[in-house]
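Colleague: Read off the chains here:
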Amino acid sequence: MRPFLPEERLGSLLALLGHWGEVYGPVTTGDGVTAFRPVSDPGQLRLEYRRTLIPPKRFLLPPRETILTYSPDAGYQPLDTAQPALVLFGLHPCDLQGIAYLDRVFLEGVVDTSYRRNRQALTIIGLSCEPDEFCFCGAAGADLPAGCDLFLQRTPAGFFVTAGTMKGEEICDRSAQLFTLRQPAGTTPWHHPLADAICRGCAAGETFPDNPLWDRFAERCLGCGACSACCPTCYCYDVLEQGGLDGQAAERLREWDNCLFKSHGEVAGGVNFRRSRRERLQYRFLHKYYGFGALRGVISCVGCGRCRAVCPVEIDLAALFEGEDHDRQ
Amino acid sequence: MTGSDSSMIPFMAEIVASTPLSADTSLFRLRLDQGIADYLPGQFFQLSVPAGGEFPVSPASAADGGGELEFCVRRVGQVTSHLHSLGPGGRVGLRGPFGNGFPVAEMAGAQILLLAGGLGIAPLRSLLHYILREPERYASVTLMYGAREPAAMLFRDELVALARQERFRLLLTVDFVRDEPVDGRVCTVGLLPALLRGVKVEPAATWAAICGPPPLYACLVAELASLGFADERIFISLERRMKCGVGHCCHCALGQLLCCSDGPVFRYSAIKGITGAI
Amino acid sequence: MIRPQLAIAGLTACFGCQLTLLNCEAELPDIADRFNFTYFPMGMSSPDITADFDAALVEGAVSTPCDLETLVTLRNRSRLLIAIGTCAIFGGVAAMCNEEPRSRLLRTVYGPAADGLASFNPAPLERFVTVDFAVTGCPPERGELLATLAALLRGTFPALPAYPVCLECRSRENACLLIERNEPCLGPVTRAGCNARCPAMAVHCEGCRGPVAEANVAAELELLIAKGVSREELVRRLRRFCPEWDYEQRA
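Chains as they are written, first to last, in the numbering used here: chain B, 127 to 455; chain W, 68 to 345; chain Z, 8 to 258.
Check before you lean on any hint, since a few could be wrong.
Covered, in the sense of this in silico footprint (three residues per stretch, anywhere, with C-beta under 8 Å from a C-beta of chain B), are these stretches of chain W [stated by the list, open to error]:
hint, region
1, 80–90
2, 117–124
3, 221–228
4, 305–316
Quick caveat, the hints were computed from the structure, so don't treat them as lab data.
Where is the CB? At the ideal position from N, CA and C, for every residue including glycine.
With the rest of the complex left out, here is chain B:
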């Protein structure tokens, strides 16, 4: 028997979660886009959503943020603002896996203080999902995917609840009166053939250097950067500095960068280490499927399907593992 939250009590859980911070969940915006937005009423939640356009990484690594300020007297100082506590509700296993990966990048080894501040402000509530034609994660059906405080396994009548952290336990304790006990029906973990193909390919060290797909991709890639902007595990950033009009103060900002952009591989004097689109696509491929630096050998593609869904010209790097182009034109 396991704790079970009947669907009609979801509103009560949301209200209770308010103790841990403002609750954000998947909603449909006026634009028709699925995005994490503040929710107060379970009616706003899109529990059956497939994926948000921008993954939850935006709460950890905002598209643009000031990281340091400078003044002649104080030198460079970290931004001294407390991050308001947030509860992210309804994250799918792929996005949870994405956050777990970002945690490894920014919290293991040299700690990124800005990321840590944002991360510590989060309470994360996972939610099981149903795949569609774009996604291919291998984690569906697992009881407790990595990285969440609480995980909700959805059934037609409500949710089986599992705590993943101390904070999750605390939430369970505080909301115990909302739960009943039920016997879980056995969920069947499923394997997507593409996820299997990726694992096999990576295990064999395949980079497909002679595959004609590279040239076809490079020819039509618009370089818009959507694949990486929308990827839950893409975290390249650029750092810029802006002076104030007083001629004294300055701010250091960082913003999302993108390996599909020309400037990404440039060094002083105009040398570019990734001159062609093909090289840039291969850089992205290598980073996603093989990892860089301390995370060498870690596949960071979580199978969320965003890059396939948002590419205007239907480039799908994972297609290399299958050997066929998904261009539907």
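We have chain B; now place chains W and Z onto it with these hints.
Modeller: Below, chains W and Z without anything else, positioned relative to chain B:
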């Protein structure tokens, strides 16, 4: 200067001297507001010009237990131009040191062959100063330094003066001569790989260290290989667009290695098979 | 700190770029404190072009002998010359019909009076003089203008976005007009910095900030043609702000 804060937040330093070395390159001597500048030859810092931005640069000096260090900077973009506009008393920030320098402990006892092209002299000057502080710990040190033309040769007088030492052999070369005649006693005309070809070395007892503009590496490595150098005995200091210095921002990968945290000094054997590394 | 001497001039243009600067009301006192305005015909009563300038900010395309004279004078008198706005950088709206005979265009607008007018095809500043820096946009973003002024105080230039509008558009979580609405959005080939202002209002990008570095123009055309837009219409749209795209360019 360790720990996460000094990695992410620049500490301040003052320019105590800026000495022009060529038309576009100056040597900046910085004094940290606090603490000791501790680093190994080949490691790099992120140098901040307030309101301008940051760029990665390896010291041209060797740590001497004091709070000062030197950077050799060419005026090439907005931030470096901004730095050049600052005189003594100018304020700058530093983060670091980052990455792996030259394996000085491993190099002890052997012959050292330094191959520098252009601005690549900077980190090798750091290594040279390091070595010449205790020259008796090395069998010998040879610096072969190629510049575009005589006027672009950095530190010439200093190097010539150092070469009076017994264990230090200096060979200078320029690609071409325009106006200024070269002093044939200290400098030849020709490319660095050609100069290397005519020099007697003992590959099995020598460590080679290379730093220069990207096109130089492949030629020099090929030349060293033909002289009998094992890939493991060649160290290369590489340049990439390092934004963070700590393995986060992902601009500087060569293959799966990150130049900032796995380098910037690499053993050639570690990067040999990587497309585009050199 | 230096107190730069500025010239701000408009050539063939709507003067909207200069107006953007004047609209920075909150910052104007700071700007007036730190710069000398010596030549700014739109903003002062007795502009003096005979001074020596640290920087000249020039709006508009060059289409008359008078434009050219002003431009050359400013280039000669100013240490830095900064093109502001799409017209100054690419020719802009003024150059939209450059492939048609100038004389016919002039007669359409001015009738018989056209014959006495000295006018040539509007062209970007770079065609005539060296340009040190450019702030694109129709009009430029005020933040980018202010960042440029702030950098000038320190004798440098700011880092402005060189990537496509799509990155800003996606990060604002807008619906993709290309994919979701099948609209002929020029975001992928257009330089960002506007924070995707138009797509955020469900209006597809018209490319007013000009081409992004290494725009894949050929693939964008193929994509939009496949969506049913004619090549002629696309070329007309692209030409609106920048007359000289390379339609075959992929990298």
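Colleague: Confirm or reject each hint.
Modeller: Here's how the hints hold up against the structure:
1. 80–90: Violated, because only 0 residues of the region 80–90 of chain W bring their Cβ atoms closer than 8 Å to Cβ atoms of chain B.
2. 117–124: Since 6 is at least three, the answer is holds.
3. 221–228: violated (count 0)
4. 305–316: With 9 residues close enough to chain B, the hint holds.
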